[in-house]
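Trainee: Quick note on this note's numbering: the sequence shown kicks off at 724 and runs consecutively.
These are calculated hints, taken from the structure and not from any lab test. Accuracy of the hints is not assured; some may be wrong.
[Said to hold, decoys possible] Straight-line Cα separation of at most 30 Å, BS3-like style, residue types lysine-lysine; simulated pairs:
1. Lys-944 - Lys-929
2. Lys-845 - Lys-835
3. Lys-929 - Lys-808
4. Lys-850 - Lys-782
5. Lys-782 - Lys-799
6. Lys-929 - Lys-748
7. Lys-796 - Lys-850
8. Lys-835 - Lys-745
9. Lys-796 - Lys-929
10. Lys-748 - Lys-931
11. Lys-799 - Lys-929
12. Lys-822 - Lys-799
13. Lys-845 - Lys-944
14. Lys-782 - Lys-796
15. Lys-822 - Lys-835
16. Lys-822 - Lys-741
17. Lys-799 - Lys-748
18. Lys-782 - Lys-748
19. Lys-808 - Lys-835
20. Lys-748 - Lys-808
21. Lys-835 - Lys-796
22. Lys-845 - Lys-824
23. Lys-944 - Lys-799
24. Lys-822 - Lys-850
25. Lys-845 - Lys-822
26. Lys-773 - Lys-835
27. Lys-739 - Lys-845
Since the structure is predicted, the reported quantities are computational estimates derived from the model, not experimental observations.
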Amino acid sequence: MIKKIVVIEPFYVVSKVKKFRKWFKMIATLLGIFIILVAICNIFIIFSTKSSIYYDIDKIPEKNAGLVLGTSKYVKGGRINLFFKYRIDAAAQLYHAGKVKHLILSGDNSSKDYNEPALMQKDLIAKGVPAEALTLDFAGLRTFDSMVRCRDVFNQEDIVVISQPFHLERAIFICEHYHIEAVGFAAQEVSFAHASNTYFRESFAKMKMLLDLYVLQTAPKFRN
């Protein structure tokens, strides 16, 4: 029995290829535009906040309060999160140097089993910072929330923000938008090899922040 052979017309094949190329070029163009926008947003934020970030504790101006931005204490495998450790080290150093009189610990406490501010408090007390010099903000769900709540809930408009430099860029930019007088004290960086995902996400977080501030006009989840 002879099987019937179906012949596809060359024109049909060419048409399919052209459509595929057209869609591929369109998607590639849109992706390229998006990447350029992300890069521009990041460069703009980095350069506009550069002068407000301090690496030398001797040069940082004295303020009444410091704001420590939270993160998880542990990473997968139960290891200590170096971002957390270095922020605690920087906050304790800042307090003991007399650069701030009080520390606000702002982080996520969205469930009873997850409490960033309480863990920060415990570690800072272990480093000799008195409990009465610590205030806990349990609703710092995002950097945006932490900054706005520092002004609206804790009545602090002249602060030192403590975190890694890449994070401070976003935090300081938010402060400038809301007319909060803020400088950043840079905690020790974590190597790219150990935290590549964090640095990658930050690129998009900066762009999301601009949307929150200028387009969506987002408000903190908890105002009090």
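Trainee: If you test the structure against every hint from before, which numbers come out violated?
Mentor: Going through the list in order, the structure violates hints 5, 8, 12, 15, 16, 17, 18, 20, 26 and 27 and respects the others.
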